[in-house]
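Single-letter residue listing:
2 protein chains.
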Amino acid sequence: MNQIDNKRIGIKQIEGGVTAAKGFQAAGVEAAIKYQNRKDMALIYSAVPCVVAGTFTTNVVKAAPVIWDKRILEEAPYAQAIVVNSGIANACTGKQGMDCCEEEARYAGELLEIPRDCVLVASTGVIGMQLPLDRVKEGIRKLVEAKAQGKEAELDAAKAIMTTDTIEKQIAVSFEISGKTVTLGGMCKGSGMIHPNMCTMLGFLTTDAKISKEMLQKALRADVVDSFNMISVDGDTSTNDTLLILANGQAGNEEIQSEGAEYEMFCEALHFVTTYLAKKMAGDGEGATALFETKVVGAATKEDARILAKSVICSSLTKAAIFGHDANWGRILCALGYSGAKFDPENVDLYFQSKSGRIHIYGSGVACDYSEEEATRILSDPEVTVLADMHMGAEEATAWGCDLSYDYVKINADYRS
Amino acid sequence: MNQIDNKRIGIKQIEGGVTAAKGFQAAGVEAAIKYQNRKDMALIYSAVPCVVAGTFTTNVVKAAPVIWDKRILEEAPYAQAIVVNSGIANACTGKQGMDCCEEEARYAGELLEIPRDCVLVASTGVIGMQLPLDRVKEGIRKLVEAKAQGKEAELDAAKAIMTTDTIEKQIAVSFEISGKTVTLGGMCKGSGMIHPNMCTMLGFLTTDAKISKEMLQKALRADVVDSFNMISVDGDTSTNDTLLILANGQAGNEEIQSEGAEYEMFCEALHFVTTYLAKKMAGDGEGATALFETKVVGAATKEDARILAKSVICSSLTKAAIFGHDANWGRILCALGYSGAKFDPENVDLYFQSKSGRIHIYGSGVACDYSEEEATRILSDPEVTVLADMHMGAEEATAWGCDLSYDYVKINADYRS
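In order, the protein sequence lines correspond to chains A and B.
Sequential numbering of the first sequence, starting at 0, is according to numbering that gives the first Met the number 0.
Sequential numbering of the second sequence, starting at 0, is according to numbering that gives the first Met the number 0.
Treat the hints with care, since some could be wrong.
Where chains are identical, the list cannot tell them apart; a pair therefore holds if satisfied intra-copy or between any two copies.
[Unchecked claim] Derived lysine to any residue pairs resembling SDA-like cross-links, with alpha carbons at most 20 Å apart:
id	residue 1	residue 2
1	Lys94	Asp348
2	Lys33	Val365
3	Lys33	Glu371
4	Lys94	Ala366
5	Lys94	Gly364
6	Lys136	Lys301
7	Lys212	Pro76
8	Lys33	Ala366
9	Lys409	Thr288
10	Lys341	Ile66
11	Lys141	Leu72
12	Lys212	Glu254
13	Lys179	Gly259
14	Lys158	Arg37
Note that these hints are calculated values from the structure, not bench results.
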């Protein structure tokens, strides 16, 4: 379900991010890990132990923090803090990189007075460089000192995890479970090497819902398939992709231990939050001037719908055409055609739509008689949608990407310097 | 076998292209199909009937000429001419597009005094527009009049099939089979929507070898796996990909009817020609400033080697780093990691090499102690190679791509106008 009627089901978007839920604090500080004169380390902390769930990159090459967090999720009964740095990814750093994760967790645990194995870590930035452990530790000291609840603290944290992002990305919602108000908030960062597989680049969610670890993991794993896994900026699946959710139970609802109305409610709220963040990430892709959405309807299977939608938003040629506000629908049909899903090209309808309107551009195997001027106007909006009706069945899916601009090349031709 | 010791096995590169082999003529003329003031239609013609083989796009959306040619290859006993136009792809053009192919073939057959079903057609350019049949027919008339053997005619043809290519791509070789000198020549064009699957954008080969249709098809099908299918410019598999080879038997060798030394010799020469053309196409990718080669050695299986090599040359982030002459090897390791092939990242060695030298950049799970200055010098050459030793087995493969530049975006943001 991509379009949630959130009013009907009682999900209310509220101010804030990772400290919106009860009992969470956050901080963002300058630690000069690699960037100068900007915040580059963040902390998320819960006053009480949390159950935790996560999804991680499927890349064979996994960054040290990914390996650390996976172990914590498997072995530790709960977690209570996440330490994040931007600038250096701590990937392809061998034993020294793993030792660094351990020391980060140990030191944060010491200062926060929680066990080392309750501290999760995450890094994003350049691959192959070692983290400067002394500056990381100094950053942790500052983070622990600065941690607080509220608008300023969570904004600092959301800014500190950014790399090439142009804007912080956070959201919070509240909803009711068994008569109790539950809050769920989150933040994430892009904006290159974004083609998540089972997770996103870096995303952190916090909730005061009371939910079992098993159900939390189940909800997260099911959710990413239609949220973070449906976005792409450049087709590159990162070594560091990490999505974590901490649930500290402070809302006081009856614990969600199995499927049912409460679990469904929680999943809806989760999907509202993850879809919001995923779209923000796609729209703020490196160099992007537009959010490029592709909605496939009438597909034979759900998997076909996902494959078709994702193939279009991943096509370099289509992305370049969107940048140029050029209604080059042939490239869209081409990308549907090589996706791997079967369909009859003569029986597809393609539309462009945005807040400026909607036009039918292809049907019955040939171009429709549309106005190029109108098409260009629609394509000049900052959010552009391709609607593809495959007429093969009733399944649908939506994927989100961005256009391909000069700035993508500029950013990535010299990212390390 | 990617590096052929062509001197040892007696393959000699000679001047020319599609008319180098005995009995072939070619032409290229201005027909104003879409482009103005440049050649945009080409003809290849054999004085005698040829056996013909071909491979075509795997895209579900197939252009009308692809459908026409596939039928000819299945049904007609031989072929004698190929008519090509650039500017308009005749893809997604419905019945009118198919009728146009038929009329092209009929009219060319009439003027050349050969059956309609001996005429193959190919188109490249914008998807979705109808071909102007009157101008196409006028072009065919000029082509038939202009057709000739030799340097000028084949160069005209090679230029006429170009779209965003910056240079024509042709080659010819000679070799011996059963005491007779056999010649094989070819031409092809890129340079966007290039991510061939079982074929290339447009490639045309001619040979005077005497070979059965069955063995010709077998040779071509086996060859593309390690030549044209190992290149990519932008990951977009076209609707028009077509590779055709005409063999007219004029060399007078004993007909190749089965596997054996003569067949092997023919395959080696074919691979020399196709690899040459494939590399030219990759190096002349839209906006490219460098040919970007990735050679994977020590892979567990041949298929793994191909997948790994191709994943690296397809990575947008790596391509942008190559454009920036930035030794960002983390992106290479990342691309190997998400390719789908299994390996141990701690046990991979990565090297950059070019005519300026070779450096070891990654090994034992961490960065090597290399000079960034030397790396930049190597990466500033127009042909750059990444060598990845996986230490998993003895299989190897090479893939070719190009860097990702501002010009790729420029060319594709407004290709239709």
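The hints, checked one at a time:
Taking the shortest alpha-carbon separations for Lys94 and Asp348, only the inter-copy value of 17 Å comes in at or below 20 Å, while the best intra-copy value is 54 Å. Proximity of Lys33 to Val365 under the C-alpha cut-off of 20 Å is restricted to the inter-copy arrangement: shortest distance 19 Å between copies versus 53 Å within a copy. For a Cα distance limit of 20 Å, the shortest separation of Lys33 from Glu371 across copies, 18 Å, qualifies, whereas the shortest one inside one copy, 47 Å, does not. Proximity of Lys94 to Ala366 under the C-alpha cut-off of 20 Å is restricted to the inter-copy arrangement: shortest distance 12 Å between copies versus 58 Å within a copy.
Taking the closest pair of Cα atoms, Lys94 and Gly364 come within 20 Å of each other only across two copies (9 Å); inside a single copy the shortest separation is 57 Å, beyond that limit. For the homomeric pair Lys136 and Lys301, neither the shortest alpha-carbon distance inside one copy (47 Å) nor that between copies (46 Å) is at most 20 Å. Only within a single protomer do Lys212 and Pro76 lie at most 20 Å apart by alpha-carbon distance; the minimum there is 9 Å, versus 67 Å between protomers. For the homomeric pair Lys33 and Ala366, the shortest alpha-carbon distance between copies (17 Å) is at most 20 Å, but the shortest distance inside one copy (51 Å) is not.
Taking the shortest Cα distances, Lys409 and Thr288 sit within 20 Å of each other both inside one copy (14 Å) and across copies (15 Å). Taking the shortest Cα distances, Lys341 and Ile66 sit within 20 Å of each other only across copies (17 Å), while inside one copy they are farther apart (38 Å). Taking the shortest Cα distances, Lys141 and Leu72 never come within 20 Å of each other, neither inside one copy (26 Å) nor across copies (72 Å). Proximity of Lys212 and Glu254 under a CA criterion of 20 Å is satisfied intra-copy only: 10 Å inside one chain copy versus 71 Å between copies.
Within a single copy, Lys179 and Gly259 get their C-alpha atoms as close as 16 Å, which meets the 20 Å cut-off; across copies the closest is 79 Å, which misses it. For the identical chains of this complex, Lys158 and Arg37 are intra-copy neighbours only, at 9 Å inside a copy versus 53 Å across copies, given an alpha-carbon limit of 20 Å.
Violation of the numbered hints given earlier is confined to hints 6 and 11; the remaining hints are satisfied by the structure.
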